[in-house]
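Asks: In case you want the letters, here they are:
There are 2 protein chains.
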Amino acid sequence: MEILDSYKALLAEIGKLDSATSLLSWDERTYIPPKAHEARAKVVGKLAKMSFEQFTSDEMGSYLEKLSAMDTLSDLDKASVKRVSKDYKRFRAIPPALYEQYTIDRSQSEFAWEKARADNDFTAFEPYLTKMVDYARQFAELFGYEENPYDALIEDYEPGMTAAELKTIIEPLRAELVPFVQRLMEEGTPPDDSFLQGTFPADKQKQVSLKALEAMHYDFGAGRLDVTAHPFTTRIGPHDTRITTRYLEDNLLSSFFSSVHEGGHALYDQGIPDELTWSGLDDGASMGIHESQSRLWENMVGRSREFWHFFYPTLIDVFPQFEGIPLDSFYRAANRVEPSLIRVEADEVTYNLHIMLRFELEEALLNQRIEVRELPDLWRDAMKRYLGVVPPDDAQGVMQDVHWSAGLIGYFPSYMLGNLYDAQIYRTALREIDDLPGKISRGELLPLREWLRDKIHRFGRIYDPKELLQRVTGEGPDPQYFLDYVRTKYGEVYRLK
Amino acid sequence: MEILDSYKALLAEIGKLDSATSLLSWDERTYIPPKAHEARAKVVGKLAKMSFEQFTSDEMGSYLEKLSAMDTLSDLDKASVKRVSKDYKRFRAIPPALYEQYTIDRSQSEFAWEKARADNDFTAFEPYLTKMVDYARQFAELFGYEENPYDALIEDYEPGMTAAELKTIIEPLRAELVPFVQRLMEEGTPPDDSFLQGTFPADKQKQVSLKALEAMHYDFGAGRLDVTAHPFTTRIGPHDTRITTRYLEDNLLSSFFSSVHEGGHALYDQGIPDELTWSGLDDGASMGIHESQSRLWENMVGRSREFWHFFYPTLIDVFPQFEGIPLDSFYRAANRVEPSLIRVEADEVTYNLHIMLRFELEEALLNQRIEVRELPDLWRDAMKRYLGVVPPDDAQGVMQDVHWSAGLIGYFPSYMLGNLYDAQIYRTALREIDDLPGKISRGELLPLREWLRDKIHRFGRIYDPKELLQRVTGEGPDPQYFLDYVRTKYGEVYRLK
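Read top to bottom, the protein sequences are chains R and D.
Mapping to the numbering used here: the first sequence position 429 is 514, numbers consecutive.
Mapping to the numbering used here: the second sequence position 166 is 251, numbers consecutive.
It should be emphasised that the hints constitute simulated quantities derived from the structure, not laboratory data.
Careful, some of the hints might be misleading.
[Stated by the list, open to error] Derived lysine-lysine pairs resembling DSSO-like cross-links, with alpha carbons at most 27 Å apart:
id, chain 1, residue 1, chain 2, residue 2
1, R, K127, D, K134
2, R, K134, R, K216
3, D, K151, D, K163
4, R, K289, D, K289
5, R, K289, D, K291
6, D, K134, R, K134
All of these numbers come straight from a predicted model, not from anything done at the bench.
Using the sequences and the accompanying hints, generate a full structural model.
Replies: In structure tokens, the structure reads:
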């Protein structure tokens, strides 16, 4: 098994480089002094290039070829070789010169997007976006696909998913969600959230976030919580998965929900066992499955009446001004629904509508059924159809997200899939964990974490997302669980007749 | 000049690896989660090994050989080739297998030292220390020397210094310092420092440290202040030099002086110009010169009456309990002298005596005039002779410092040299900067920083320490400046007749 050892040693070397890169990047977003950014970019570039070169080396190719032909490998090693081979093939599909030109154009495009968004000037951004869409088309051809070039791209984020399958998921979701939101707005009683107005000092918000993460059994011995402009979770290496949040002093719940959301990602990561370290399998099964874990903790748990039954006294300890506000009023206020312009601020009911619209446009763009210059109008149309609101300008419309400016096409659906998977997974948890709501209302969150670890986390990237979902829930992706959840919960919150 | 470009590119690649390693190490001592240490050591090991391999590569050797023969290089490039050639030769002098075995034995020795010190059991540590001294002897032979193997080792820390020259520096210093300390203790009036007893919250101490660093014009845009068990300064990369301190709640001045000390190191580093980045010259001229900068700020400035004239109101703002304490009493309390057992806690008068003792023993050890097993007794003897105090056990005696356990022989004198250089440099500053004491008493510290930058910092590692000192002060190392400073200042503080 000399080849297997060499293969593992090479993966470990790459893993160490990537670990260094992760720390450098984390530091770039947390503690780096402002004047150090320029040099840091060079250091990160150097390490990323070395890692890429080692991963796509002929040496790696030769190991993979030989190992793929062996039938004496353990199941784990087989899974590693399978995953790594797939990544290897994709990385090798793009000529290095093309990729290098893309990284240069991408950074210009992101820069142009930032400026164009600030100036609310889509015309200035248009040529850059056109170039990025061209790259996406080229990459799709190089990766290869059967039906739709979109399938070649979504593979990076949700292996095995296709545009055709996405359409079958989106169709019933849209058909029910659009009228349901309308009904909530027209017939429902919106919760009073006036008591959430006020100033909430950052250090107190931090106490609340820490207590919530402790309650979730996030392991602070293998992670930490810091502050960044945009919250994120990062695996620096084994036993080191860090999360960040941000404290808006006029918005108490923003930091709370983002800490719990990132905490959900981090629990997934902390649940990946040591035997998967630096094997190519020490990551989540897909972006969508990862998002299902963050959303499950944020929404299914963190926005539930049971959770607040347990956690409200803790919140009141830190913010005594809520003493006079009944638990039920607080719970309802934390679940306010409002069709709005900005995806990242959307509630859990309207969120998926923002994604459908993006999928529709990016899939059409990639297939050349529409052109970049038509996007602003098409965006406004779709917002009107899906959410009933129309952005007053492109900065709050088609230019609100960074993704397309970086050539990321096929990425958005993961967010939606996370929302659908989590409802489906949570339904299974409710069936399999004895009295889960009762446990949550007593603050006993460990059984849920352990169940998720046993069913999902410990497998890392061994299974495809679809295979994993099938193993956990006994079914493929089905939007009905999300729809049932939303209809029941929000029918009650909005007191629909 | 193709070779020159390739040489610079290789140095830059090494610089980037080292920058990543510095951040990984900084994080290991500041923010890393406890369970991540094991994996982190592997990541650091990998990057350090890569850097070492590139630095000692045949490729580098060939560049250096060709560039050394060229006479068309700029002065800066010549200096780079000269320095890097010297380092290259030293690194190549040790066979890789020997060095690898040394790193393994060293980590066992450090571990053994830690345990032996805790158990106060020198006998348990003796075989490890013996092995480390053997390594030092082997390395000295491999590096080569003219007179004394000690000279081969001190070269790492203070290029150009020799044991013989150290003896000529130490002799007059000891001859005057030992009786002077005795006189202070016997005839002097010790300052009352009872008002420094109390509890000083860490967050308030931090405010004081930050204000002191701001006053010194430490650039927070290119650095930061964090907390660690043992304070240190580290250059992460260009425009990123971080310092750390520690807050002992029962000792207000400990964090203040260690922040100012590290700030002095950091000002040196921040004053190294961009053109030296990743050239082999972007560091201090030597450990001793570096220490002269930290000690100059800590002692010459930070313990001066002028500084406290300016800074005392700031301290009182944060700690109003000092309102009733006269400035002069505070100044004198901050300058208390006490012969004590532990080097790192020594005041500026007795500090050098701790170093002389170590030099005397390590030089004799290396030359086999004494044996490791004799060290505890010889230590006690020397403490009695130099400081008039005798450690009650070896943990507070010969085993107090980590250095020898790691094979670091020839390192200690740098601390003493820093103390001598700083007095000599400061004397020159007093002559060249118009009304420096007046400026300091008004909080105008920028002229001093700029003078140091102009005379020392901007040259990085271009000059040997002796050459640099000559350029700045017009003389070689001379202990009289330190002795004059100490006699004048402490004669007054202790009210000697």
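Asks: Is the straight-line distance between the alpha-carbon of D/K151 and that of D/K163 27 Å or less?
Replies: 12 Å, holds
Asks: For a C-alpha distance cap of 27 Å, please report whether R/K127 and D/K134 respect it.
Replies: Holds, at about 20 Å.
Asks: Tell me if the straight-line CA distance from D/K134 to R/K134 falls inside 27 Å.
Replies: 18 Å, holds
Asks: For the pair we were handed, R/K134 and R/K216, check the Cα-Cα distance against 27 Å.
Replies: 23 Å, holds
Asks: Does D/K289 sit within 27 Å of R/K289, going by the straight-line distance between their CA atoms?
Replies: Since the Cα atoms of R/K289 and D/K289 sit roughly 19 Å apart, the hinted pair holds (cutoff 27 Å).
Asks: Within 27 Å, alpha carbon to alpha carbon, are R/K289 and D/K291?
Replies: 20 Å, holds
Hint compliance for this structure: every hint is met.
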